[in-house]
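Number of protein chains: 2
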Amino acid sequence: MNGAEILVKTAVNAGIELCFANAGTTELPITIAFDSIPGMKAVLGLFEGVCTGAADGYGRMLARPAMTLLHLGPGFANGIANLHNARRAGSPILSIIGDHATWHQKADAPLNMDILSLVRTVSGWHKKNRSVQTISRNIMEATNASLYGQIASLIVPNDHQLEEWKGPPFKKQQFSFDPVDGKTIKKAASLLRKYRKTALILSGRALREQGLRAVAHIQHITGCDLFTQSFPPYMERGVGLPEIERISYFPEPAIKRLSPYEAFILAGTNIPVTFFGYKGIESYLINKEQKTLQLTTAKQNVAEALEYLAQALGSSPRKSKIKSPFQSIQRPDYPQGRLTPEKACAIIAALQPENAIIVDEGLTSALTYYPLTDRLPRHSYMTIAGGSIGYGMPCAVGASLACPDRPVINIQADGSGLYTLQALWTEAREGLNVTTLICANRSYNILFMELERAGIKEPGQKTRSLADLGNPHVDWVSIARGFGVPGIAVDTAEGLRHELNKALSEPGPHLIEMVFV
Amino acid sequence: MNGAEILVKTAVNAGIELCFANAGTTELPITIAFDSIPGMKAVLGLFEGVCTGAADGYGRMLARPAMTLLHLGPGFANGIANLHNARRAGSPILSIIGDHATWHQKADAPLNMDILSLVRTVSGWHKKNRSVQTISRNIMEATNASLYGQIASLIVPNDHQLEEWKGPPFKKQQFSFDPVDGKTIKKAASLLRKYRKTALILSGRALREQGLRAVAHIQHITGCDLFTQSFPPYMERGVGLPEIERISYFPEPAIKRLSPYEAFILAGTNIPVTFFGYKGIESYLINKEQKTLQLTTAKQNVAEALEYLAQALGSSPRKSKIKSPFQSIQRPDYPQGRLTPEKACAIIAALQPENAIIVDEGLTSALTYYPLTDRLPRHSYMTIAGGSIGYGMPCAVGASLACPDRPVINIQADGSGLYTLQALWTEAREGLNVTTLICANRSYNILFMELERAGIKEPGQKTRSLADLGNPHVDWVSIARGFGVPGIAVDTAEGLRHELNKALSEPGPHLIEMVFV
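Sequences listed follow chains A and B, in order. Read in the numbering used here, the first sequence has 403 at position 403, and its numbers run on one by one without any break. Read in the numbering used here, the second sequence has 182 at position 182, and its numbers run on one by one without any break.
In isolation and in its complexed conformation, chain A is listed as follows (with noise of 0.2 Å):
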């Protein structure tokens, strides 16, 4: 057994299934090494963001790591603006880079680069790795550290995946979160006691349904209120699930919002802050005068505290159930007429399958869709938790091939998804069931909206170009036939609840470009 396939082997013992690989000369052996060794899937991406976003997509559904396989520096790089928006979503990923042999990293051959520092800015826990024989320790180190919710990325030269490796691969560890500290639990509900108006923030694990049945208890008891960030990595949602606010994006609305609560208690998450710095406006939407409490640190499991939290507050949410207010589906009417983003959100929340995965980079054009769904029956739904576009499409191959039988519909503005499109072809080759539907205004609206801001209201000529997508605007029906997914444009209500319908109806990837200008 070779250094590359004790590497296979300790991945799938450490319970890795699935690896979304780019690969080339340098990680060869790797590639081989899946077909020796049972137990890995390899999914292909044509590009690396592809691979490192369904990486993200995977590890945010089931809240444990698929694996990427990724080419040296350059490849690697290609990979980092996904890999920042997991890291924002405190996804587990088990990242893999190869690289030149140890003895040919001298020579400085063309594709020779500073891989740890490009490593270093994405990586929870990352290493090179220093001999064949601390490979299948490292593999496991790292999938146990990637567990807590982040990347660890191991570099592995070429030639310690070629090196003969002798004895059993490493034993599998146990992973546990760190315990939960009673202290904190305890001063978490006398502020709860103690204050008439609070809230709780929420993110990670808190937004899943052992975090949400908790929280559901706490709200019961105590009265407070519950928000999430702009951007929630993942949530459950829909009927019998308590109803989570998101905090505006722009900050005069969020901090008018929050202003009146005397305290938080922050679940999984920091104080949120202004996603832009404006002048004037402070960095952080709460202020000193507001009492904060965090929750749990970064290695303890928030859904357990919140449990514990519960309890404290004299309740048991593992033995009884609170019942939500909200447990009857609601679904808006069908609009009808011209397309416009607000009918499109309509027809969407009127259409959604039950258990549906929601991948929502939809931006500017999907801001009414969220308060629009609560009501749904339940189901998964994921924003752009880093704010680096070009998340959408690839988190929405990661999620199908993470839940195949469940269907997945990506809400895709068009700039932001022709940052990845290539994951249009892995949707193809895979026959992943994802829905994209493309919100065309054309241009990078939100630009538009931050010159209005900034009191521009009519732009120069540049300003206006570097923000424009039309001019010629992007024919999506075409780049997803070249890709192999069928596909339609349509402008009005009418034509998208059809098309929709039809699409969610049928197996296989499917792409509408929903016009809106």
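Incorrect hints may have been included.
Claimed, not checked - Anything over 10 Å on all C-beta distances counts as not near chain B; from chain A, calculated:
| no. | residue |
| --- | --- |
| 1 | ASP108 |
| 2 | GLN294 |
| 3 | ARG331 |
| 4 | SER388 |
What the hints assert, rightly or not - Each computed DSS-like pair below joins lysine-lysine, with the alpha-carbon atoms no more than 27 Å apart:
| no. | chain 1 | residue 1 | chain 2 | residue 2 |
| --- | --- | --- | --- | --- |
| 5 | B | LYS462 | A | LYS171 |
| 6 | B | LYS106 | A | LYS291 |
| 7 | B | LYS279 | A | LYS166 |
In case anyone wonders, no lab produced these hints; they're calculated from the structure. Cβ atoms here follow ideal geometry from the backbone N, Cα and C, with glycine treated the same way.
Following the hints, complete the assembly by docking chain B onto the known chain A.
Just chain B now, with coordinates in the frame of chain A:
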């Protein structure tokens, strides 16, 4: 005048005329300054790798920098792979990266990232701007630093862009290379005189008109042979210029070819090394018994050094011209029948117009192009200097904008092309005279070659699937149409001849998918 305006003003004063941009909120003041300060053309790329690759192409053509404007760490990260190529190519680039306002950085907002660690990996000069008062000096310093043939990166926080700047822009500083070292020239001359079997290995400015003219003299006097690296960044070629042999990609033929030489002069490059390390083969393609002499440092002008060397040998390239043995154009015949990579290369060589710019990212499909084309009319030729795939289409964009009157032919491997296909849209928007010839072998063919080298004739199913671009195959004609570029597929030599002729005779971009399978 605010910081953004002084930035643009200084860049224009420094001679920069073009910015490849994908800007976001943190860079808006700079895009606004493009409108208020005359002299800077702004070109949108739909992905940062397009912007950086285009700046590379522009820099290779003109040996002076374009500017890139990218959005914080994630935007810069998307541009790194092509900056890696640019770094290896010795391309001058002024790289501007926006960042959060300095006072907002502590809040670690979603897009916040360790930009410096990213920047460091590819930049010869880099700084984080410290105040509005330092912008002008930094831009001038960066531009001059770039002229040595490197990437100069300046991170400019949003508040510095917005703050008021007083006073005139920093004055243009004269740029000059370090003086050539007379002793080294003498050593080189005596080496060429002393040894019977000598060669020059050329890159950088050695492969431009001035350098090649001097090289012709040196060869005429000493009888030395002329080589360049496997992947020369930029060279001028065709009748009247000396013939330069590319060192083979695979090490065995390269070592065999170079082993008879007693001494090498390295002019604008380092000792050639194998692209990847193979067990049992030395990294360096020249052994320790062979003499080598590095003619210049990175801060000296190698073309000038070659002129001095010619003089030291008793010739004067500035006064007289050496008659090349190849003064008449020689083109291959038109092949016929089913299209193959070899036939495609012959047809390109047969039709290539005078003064063409050839961007070769054809990789395994274009192996026969180079040896067929040294007796064509004068042209420029570029290859994938850093080995990071996806350089071709963006490079073609930049080359065409640098030299709008010259036809650009981009010989483009399909797998590599898919990395940065968004460049097609910029070709359409800017109406560029670029003909993209897709080499559709529908695989990462180099991996199959490497597998065969490794003795694996029949790779397993997973290995094959990770190197195979079929199932479904990418329909490039649809993709081109999606981006507004007219496209057509051909699978015969006659078809390619007809379509290439047509594409070259019409203005604007064209794409021809050359189907080899």
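Hint check results:
Against the 10 Å criterion, ASP108 of chain A falls within the reach of chain B, whose nearest CB is about 7 Å from its own CB. Against the 10 Å criterion, GLN294 of chain A stays outside the reach of chain B, whose nearest CB is about 14 Å from its own CB. Residue-level check passed: ARG331 of chain A sits 31 Å from the nearest beta carbon of chain B, beyond 10 Å. The beta carbon of SER388 of chain A is not kept farther than 10 Å from every beta carbon of chain B, the shortest such distance being approximately 4 Å.
At most 27 Å may separate the alpha-carbon atoms for a hinted pair to count; LYS462 of chain B and LYS171 of chain A meet this at roughly 26 Å. At most 27 Å may separate the alpha-carbon atoms for a hinted pair to count; LYS106 of chain B and LYS291 of chain A meet this at roughly 20 Å. A distance of roughly 20 Å separates the Cα atoms of LYS279 of chain B and LYS166 of chain A; the hinted pair therefore holds under the 27 Å criterion.
Checked against the numbered hints above, the structure violates hints 1, 4; every other hint is satisfied.
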